[in-house]
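Asker: Protein chains in written order, with the working numbering: chain A, 1 to 276; chain B, 1001 to 1951.
It is worth saying that the hints were derived from the structure and are not from the lab.
Heads up, the beta-carbon is just placed ideally off N, CA and C, and yes, glycines get one too.
One should not assume that every hint holds.
Take a look, some chain A residues computed to stay more than 12 Å from chain B by CB distance [stated by the list, open to error]:
| id | residue |
| --- | --- |
| 1 | Y59 |
| 2 | D88 |
| 3 | T90 |
| 4 | L116 |
| 5 | T134 |
| 6 | A194 |
| 7 | C275 |
What follows is a list of derived Cβ distance ranges for each label pair [stated by the list, open to error]:
| id | chain 1 | residue 1 | chain 2 | residue 2 | range |
| --- | --- | --- | --- | --- | --- |
| 8 | B | A1856 | A | Y81 | 25 to 35 Å |
| 9 | A | V61 | B | K1337 | 25 to 35 Å |
| 10 | A | P178 | B | D1351 | 45 to 55 Å |
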Amino acid sequence: MKTIRPLLGVLMVSALLTSCLKQQFDAPPDSSHYDPNLPVNVTIAQLSSRAISMGAGQYAVLGDSTLYGIVTADDRSGNFYKQIVIQDSTGGITISIAQTDLYNDYPIGRKIYIKLNGLTLINYKGLPEIGMNTSVVNGSNTLNGIPTPLLSNYIVKASFPNVVTPVKVRIIDVFSNPTLYINRLVELENMEFATTSANQQYAASSTLSIATSRTIQDCPLTGSLVMYNSGYATFQPATTPNGKGTITGIFSMYTTPQFLIRDTTDIQLTGNRDCP
Amino acid sequence: MMQKPLLFIVFACTIPLLSFGQGKKTAIVKGKLINQATKKPFNDLKVTMPELSAFTTSDGEGNFTISEVPFGRQVIIINAYNAKSDTLRIDVESEVVDLNDISITPNEKGVSSSQENGEIPTIVISDVDPSSGSDFGGGSNAAGGDELLIASKDPFVNVARSLSAYYFRPRGIRGTDAEINGIGIIPAISGSITWVQEFGDQTDIFRGTESRYGLEPSAYEFGAVNGSSYFSATAADFSQGTKVTYAASDHTWKNKVMYTTSTGVSKKGWAFAASANKRWAEQGYRPGTSFDGYAYYAGVSKVFKKGSLNLTTFGSPLKQARYLDNSTTQEDFNLAKNNYYNPTWGYQTVDGKQVVRNSDIQNVFQPTTILNYDYKPSEKTRWNTAVGYQFGTDRASSLDYYNAASPFGNYYRNMPSYYYTSVPPSIQTGNALTQQILNNPNLLQVNWDELYAANAINTQTIYNVNGVAGNNVTGKESSYVMADKVNDLKKLTFNSNVEHTVNEHLTIYGGLSAYTQTDHVYKQVTDLMGGDFFVNYNQFATQQTIPNPNYIQNNLNAPNAVIRNGDIYGYDLAIRLNEIKGWGQAIYTFDKFDFFAAVSTGNSSFSRDGYYKNGLFPNNSYGVSPTQNFFTYSAKAGVTYKISPKNFLFVNAAYLTAPPTVSNTYISVATRDMTVPDPTVQRTQSIEGGYLLKSSKINARVVGYINNVLDATEIKRFYNDDPAYNTFVNYIMQHENTRSIGTELMLDYRLTHAFNITGVAAIGESYYANRPDVSQVLDNDPNQQLVASKAYIQNYYLGNGPQSAYSAKLNYRGKNYWDANISFNYLTRNYVEINPNRRTEAAAGLVPQGSAQWHAIFDQEELPSFFTVDLHAGKTFQLSRLSDFVKKASGTNTTLYISMGISNLLNNTNIILRGREQLRYDFTYENPAKFPNTYLYGFGINYFLSMTLSF
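So that you can see chain B by itself, here it is in the shape it has in the complex:
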């Protein structure tokens, strides 16, 4: 039943080299595997030289390299190791043997299952730890650095990627591009992607075709300052096969089942592929969290002689109960006796039983459909054109309350520290509270029954409902409700990009992309919690310098509106975004030098369309706002000097501009269209350069980089306790400059054929490089204008995760299809995110400079460095070889891959991943302990186990 694959072997150039070795001559053999049917690179194929017991796997671009090949006639076998071998015989007569393009005809079975090669990602790329915190909708706060989406052939990038689980962010900067089948997938509003939301952990499907780090040129996109990822995931990309996976873990989700099947390309040119998974946990690692996620993928391809037409659709409905870390202080953790204390949940009595209920539920489903035509008129030209459409809602629930006390157990006024830091301190009361909470840990959680009890007795009459005189409604007014912040997205994307090889030295690239997007954002009551209605009032508008009865109205078009289950309240508006971009790139390749240069230019615009006439801002909340337009332009270029085929020197530089985000342009987009003064594009200057060594035994990297981000705009929103304000403010920092500078060192040494060791040091420093211009706007008072102030934050570190990381990893890839690795990681120089308002003259008051209190106010806390050990092991079982029954039932290709990973083997539960200064500050007594820093602790020991059966 096996169809013998056709092999075209082209011996194009064999470059003669200086001979270094004195003894036995060895060579490097390399080549590139191309799928004969799709003309695309064939990744994850096994390339073995059995006589040398050497093997490797083709990477995302089909490339493979085998080193230390003795001169003379050699045999190479290309295929999945569970399929019938296809054999190549080569004569090795020079130091580098380049086999160039090797076309592989996908056979009926086999090649897809070659993906069981030990590269199945371990814990780090699975669903991110679900914290909350975006402005609209549920979008996870992707500060975990989960941006380097796919594995690279560069060991340094792979290590950096795995360290992102510990909030290590390579080069201290955010910014990657990613495309699927040509369609950009980085969300426009948040600017950062979350693996769980966009991909649903479909590891069989989204495996990555190209991964670029730093300023490296991509074949598909201009790329961002920290690289790019490209995923080709059409049905034709998958060979025939079926996989069934079960995985267990004890972190975000506990169980995962996944099923993937694909037909491969039929003789008539059709290919179909489908995948679905479910991941779930009734109780996640952190108390009160749960996970209920699904994902699906379906693709159909028609392959023509000169291209393929592909329809692809995928989505990942997810409902997860999350945690919140922006209020949890060390005092909370100590009182809860748990570093994973989470304030968002509590018990509710349901049918006489105490049931866990979390107030912070994300519920998201935003599926994407892509139609693309991949045109390959010749071996030299590839032209992909794609149209994508994404729609759906992202919801994040929270407890909302009107004229009621905070329902959260760690509200600062209910904590012992509030009494310890009061003036004069109430030690006795603080001690009594400490004892009370230690004896009743549920005091730290939401008491749902109490909230229902408050709603049940609050009978009120609302007069003149909807502004109609005499239209009075009497009933139980909810003091507490559950409400969703909703983002209803519609996004249409077009992309066309072309790659053309002009001659052996020059390849040119170019593309055009555009999208139009509407985000309808609003708040919606989902549970009145026993009450009859809620009222559309703005409780923060009640204390004004010049009172006005309209101020309290969220919507003057329907004043005093009574809100029932499912009704919109608070704010209701659409944000419309449009972008068009073009780019071009040329890559020159010569014997000693490689050059590239790329430019990109475009226009981004957005506007606000308010459906509410806000009582505080009646003149700039309702209707369509003026459009904000930003012209962007970027360029990058680089040169690589090939000292020898193993030694490279390179330097790349870039200058990029990017539009400001919607939430950093509108001062308070929920209520009005007022913008920051003179919104500007953000500029980035980037330079990287260094030395790379890629020899048979040693792979090394010595790289330095500098990234300057200039003219950034950042708005922080908080309650300003400064007596001059004493209200919610929008704290606008403009023309903020930050710098990330550092060095990346890597040594990958092959000890034996089975063992290699990788050492990585990423030593960096990211800090504020100037004193930004600060202006403050009162959030709920139309009678106040911008107030300029100064924040002295120059040379404070950015709070963006550990700034330096060191890792050593021992890899084993042995006989009988075993693979294993152990890594030792040390992460250090992690700083808390500072409160700029605490670096002001007002914050110092009359505190003597240099005193202990002065240092407590102004010094930036460095979080403890930490050490972890991570372990991974896997083995493939050739079931067909074990049992004739299996062989008869499923053919010769049945394999079982078992993989296991343990993270944080030493069970260090004192790892602080992130710390933040609270934005509130005690301006009366200048006591920074009144609003202490908040922390997020990382997981202790956690495991991942997966079993994949493929046939």
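The shape of chain A in the complex, shown without the other chains:
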């Protein structure tokens, strides 16, 4: 027995030491450059004009077709909320998703495919949007975002990053043909904040107001446009510049035309102010 006991001890100790757990998990392969190349059989422009022709407040449940788009606006700054805007070669459209922090999955520059079967297209106060379905709020149809667990049924992520070059326009152009530019990423040149909107906070604090409208105009003056800034945006307390330059953003509609920036990097008013 004198020999068996230490032997057993050694056996036990070695049994104790045999299991060594791995420490760090390996990262899965990076698939951000992958494009599944789904067949696309509808363009954004087709859906957009269908929505506009339906008239404000109307909606339609979509059939079996697929589109693609590249994200041109996400919710990183908080100026967009539970929405992204995508654009293909023909036009742009707003996608409504019942989730926050969408930029983690759908940042600006990500290509996505949308399988439309069962989704709803709405003309919400003049703006074409795609989402899950509608409900009646305050007497009018409003769109509900696609719930997160259902996203995989409708949205297929493709390659990242992609570049969408904004179309250069004047304010007079977007007013003369809003249907062409709606939901599109546009670059406005020779822009200034109106005197009442310059040197102001982009928006009042969210405790006071959910959003604030500022006015931008071109110089020489062809027209002015409402810039809609969320009180929850990270740039809410920042000050609107006084200078002149280019402003990039999404041309949008809320009964009347309005304009949304993604972040303050869209505001390049570095030149001297020309107009009073």
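Knowing the structure of chain A, use the given hints to seat chain B on it.
Answerer: For chain B alone, kept in the frame of chain A given last:
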């Protein structure tokens, strides 16, 4: 090779008694076994009277009792039943024969293996079900009631202890003391102990020397309101022997191997003992859980003529993947089609394969080393002095995320109920979600690949890193990281306690203990999950009434810090605790009455030392805070009236004070040193009394108790959806009174020598006894002060497990070393833990009183009562007798003990152990179904099988 043990038999007093029996006279024979070498009680020795085929085992204090012994000359054999017998001859001439102290010299072999006596604990005391949830570090949420650590000679306590597996908490109150070799082992921060962490399931070593229930006096400590446990585990406590155990089970761990060896005390007075075990499961009972635990013990003793010097060290490194039950609703269980649904895990692609990964990993190793000198200058005096040091880290991992969606599959906004309860409801979408989740159950789990994908594309530039202008860092900023909440502990403890028998009537006790402890607590990134860095920002600080660019900074001393793997972030501070306590006790023993009285007084203090200057609270986060001091004092006393040697009446009462915990004193200790208004000690009034019957055939107990806890402080932290807040709040309840009142009934009846039956009823009621003072503080806004409010929670039940339990147990201890028992348990009146913020005027809104909705808001849910059957059986095989080969190889003492237990034999998988109201509440539409109750389901049928070879 056997050395004949010396037996000293002292016939001190034989108390003459009234004779009840008309027929054959019988007596009770009792005595106390003392280890000649260590002067300590000798537990777990076998005491048999072969002619009567009666046997018993000495308990933790060496005591044994055999009843129904016929008058006349009798033979008692004391030893392990596998060793050579030592024989005592006694003359039984009175109703009670007290043999008093019997010194046993530990022989070369044998006595240690006597521990195979059927008392090997079954499932209930093995590692607790690992849920998470403490404020710092990994400390398990010990709500399972795993506090009554060791078996008692009282059948009632043993049953109550085994029912703790079903979250039954005796007397509805938490509070026990426990010491090892003199060193207190109840953690100061959490106040409750977990068997797995402190002991590592070393059942060979930590067997318990003394177990006290309720207010019973202890020989080693003042004791807490619900009793105390004492473990003497020095090398000299173990006789020579070696044990090898393998156990299998299907709950927390699947396999256990254990090896224990001890030399016994040598002629020169040296003793060595060592033990180690490993417990593991790659997949535990609940999905996604796993277990990888080790434990070790090593002790050396030098025994002198008048005492022993002992060095003892033990620890139990453990890494376990846990479950989380504070968010799982019935909807989740239904969608998962599994009552053990666990949201913490999910699949990750590793080398093309789908691998289970759990986000909630506890990784703890806090070993303890104790040096104690047990001085015994005479038979009448014992004086133990000990110094203990414990250190190590307790880590609990979780997924942290910054400006990103919840990674958990059961996030409430992604559940069908979110759409069913929306206004107006979206039934169609809810139905679509239900179908989607039923078809893709992995939607309920963490999708790790998606989290890595988000990190991989999030290239960002962080400006002015560490506050250095122009120090810009560009890279992939992780939206999701794995991070540990770490508690790095250092604790030095001193304890000295003395016991002195003054005369046959009076024994006095006293002691002094002190500790100083530092807990360094912080968060640490352990895995950037494919990203390059994380940033030390506070994402909850972004929406403030008065914006300030500093608010987002967790540490103004290094603003915009870029956090890499292994870096500390979030919070970083030390909590320093000091305590000194003294106690004294006297026990008087007379023929008809026993009295005891004990007092304890001390001072507890703690302070916070912040290493971060928090952007929200720059003036009260960095540096050392003022010290919080609490003077404590406690007293208890009791009297027992011995109607006869079998019948006792007793009443004990106590008044205790205890300091508030650190996390119930600082409003948010992670970010600042602001305390609750006027922190106060918590007071407990306790009284217990009743009737005990201890006869040869019947052991009975009729006890009543009341515990009042007064001036308790409790802080709940949650997102308050009340439009007046709409942010995270610290919900402070002060001067909260609770009451536990109940009765404990027990009848233990010996049917035959082999069979006895135990019936237990513990009928209790625990409830809030007043309306506490409520104040709320916004967690992330320095511009808000305390806001007083009122919660109408008086007479709501505490959510502390089944308040009443009934159990019937049939025990068999038969010939050929068989033992078996079956127990039938019924647990009832288990209530969900209420949300006090839901018992307010704001929560009622304009809902008509007495309407169905009003009842849905205010009524407290009672969880279903449940019934279980538990089974245990064991047998010892005398291998030496079976085979000459074994006898030659290992001597005459080789035994194999096989033990098996089955819990929840009827496989009831619908047992809800715990339910909680969510602290979020729909203040807009007063719809309690929007944030429904969360539940924890108990295990279905599960087994335990162990084989122990000892020689």
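Asker: Hints first: check each against the structure and report whether it holds.
Answerer: Tested hints:
1. Y59: 14 Å, holds
2. D88: 20 Å, holds
3. T90: 26 Å, holds
4. L116: Holds, since 15 Å exceeds 12 Å.
5. T134: Its Cβ does come within 12 Å of chain B, the nearest being 10 Å, so this is violated.
6. A194: At about 25 Å from chain B, A/A194 clears the 12 Å cut-off, so the statement holds.
7. C275: 31 Å, holds
8. B/A1856 <-> A/Y81: 25 to 35 Å: This hint holds: roughly 32 Å between Cβ atoms.
9. A/V61 <-> B/K1337: 25 to 35 Å: 31 Å, holds
10. A/P178 <-> B/D1351: 45 to 55 Å: 53 Å, holds
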